[in-house]
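Asker: To convert, note that position 199 of the sequence shown is 199 in my numbering; the numbers rise steadily by one, no gaps.
Hints should not be assumed to be uniformly reliable.
[As the list claims (entries may be wrong)] Cross-link-like lysine-lysine pairs, in silico, BS3-like; alpha carbons within 25 Å at most:
| no. | residue 1 | residue 2 |
| --- | --- | --- |
| 1 | Lys293 | Lys282 |
| 2 | Lys156 | Lys169 |
| 3 | Lys228 | Lys346 |
| 4 | Lys169 | Lys87 |
| 5 | Lys282 | Lys346 |
Honestly, the hints are just simulated from the structure, not real lab data.
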Amino acid sequence: MRPRVLMIAYACDPRGSGEHWLGWGWAEQAAHSFEVHLVTTPKARAAVEQSSRATGITPHFVDVPEWLRLTADLGSAGWSRKLAWQKRAVRVAAELHRELHFALAHQTTFHSFRTPFLAAGLGIPSVWGPIGGGEYAPPGFEGYLGRGRFAEFSRKLINRLWLRFPSVKRSLRQATVIFVSNRTTLEFLPAACRAKSQIVPPNALRPEDEQCPRPPARPEGADAGPFKLLYVGNCVATRAIPIVLEALQQARLTNYEFSIVGGGPALEDWKQRTVELGLSQKVRFAGKIPYSKLQGYYATADVLVFPALRDSGGSAVLEAMARYVPVVCLDWGGPGEMVDNQSGLKISVSTPQQAVEAFAGALVRLQREPALRAALATAGRSRAETIFRWQAKRELLEATYRRLIQHL
């Protein structure tokens with residue numbers, strides 16, 4: 001008989017994206033070797049039920065009162081809704097455990113320490129994560145946040161206070177193993193957690209990512225065309241695109257194009273900064289585009305730039321790696337964890353001036369050395385296949401579960 005596992009995933013949708021898709025993915029992988037009982041919300045009930053029948057998962061749906069769901073976007077009501085759901089979910093989990101005697105409990109989503117893992121108190125081995133949320137903009141880089149610098153300062157302060165919430169403190173203490181999204185969050189969590197924590201980037205390859213062929217080699221010399229830089233993602237202040245703009249001005253590159261794909265509140269500030277630096281002829285703001293058209297941008301890109309000051313993961317980074325596009329990112333938070341020194345160029349965040357200079361040097365080098373671009377692209381694809389396939393996550397999951405269950 002296969003060991004019986006309780007999995008809790010607030011965000012869970014086999015047909016969804018982001019955390020919702022990842023929440024389902026962990027359950028699906030666990031079901032290969034374990035009898036999985038999944039506690040989730042009814043938001044994607046039809047999709048969860050259909051996929052559960054195909055995988056042998058037993059779903060259990062827990063909801064919150066209608067009035068609480070309707071106030072989700074009002075102040076702290078979003079967190080209140082999640083906490084209320086957790087309280088209901090742990091009651092359901094306790095009832096199921098009395099009946100079914102689970103060997104282990106694992107809460108996978110949301111990917112944040114701020115949503116407590118109440119079922120860690122069931123008295124059985126437990127796994128929490130991957131969790132993030134402890135990321136913050138590195139000191140000295142506040143100038144790139146514009147009007148958002150005060151919100152970022154408040155967020156860091158609130159996060160410190162959040163660690164003092166009894167339910168969060170208890171969850172961190174009671175969890176047997178904690179999967180942490182990145183080193184920045186790991187160092188933010190209490191020191192007592194670190195011995196039982198393991199860094200596990202949350203992102204995973206989609207089937208379409210795995211199927212991407214290597215693009216044909218671009219011509220060199222006079223026929224090479226412009227050096228093509230690409231950014232894909234939300235246009236928010238913490239993504240700090242002005243670092244790249246300043247680096248381009250400092251590098252004095254001429255034959256290049258920089259496409260910024262995405263929408264968000266920082267767009268107007270980025271456009272203004274582009275004008276101030278005299279780069280308007282080289283920088284194109286493509287706006288938000290359908291996912292189906294995104295492949296065309298990756299196919300022609302020489303480099304993906306991702307200067308995130310605060311990010312727990314970075315889906316565009318993984319998409320680029322899977323598509324043989326080398327990455328230049330800051331060595332900070334999730335992107336700094338996803339890329340290693342063989343699969344991309346990582347920029348230190350010691351000071352803003354140093355970061356801009358290093359970014360400029362990296363772009364000059366990549367423009368001049370197509371062989372380096374090719375080597376990074378190959379290593380990036382290999383790293384994506386090795387670490388970010390669901391098969392690799394399943395092996396980690398099964399090894400962790402079996403180690404904990406054997407110690408019962």
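Asker: Now tell me if each hint is right for this structure.
Answerer: Results of checking the hints against the structure:
no.: 1; hint: Lys293 <-> Lys282; verdict: holds (21 Å)
no.: 2; hint: Lys156 <-> Lys169; verdict: holds (17 Å)
no.: 3; hint: Lys228 <-> Lys346; verdict: holds (19 Å)
no.: 4; hint: Lys169 <-> Lys87; verdict: holds (16 Å)
no.: 5; hint: Lys282 <-> Lys346; verdict: holds (24 Å)
The structure agrees with every numbered hint stated previously.
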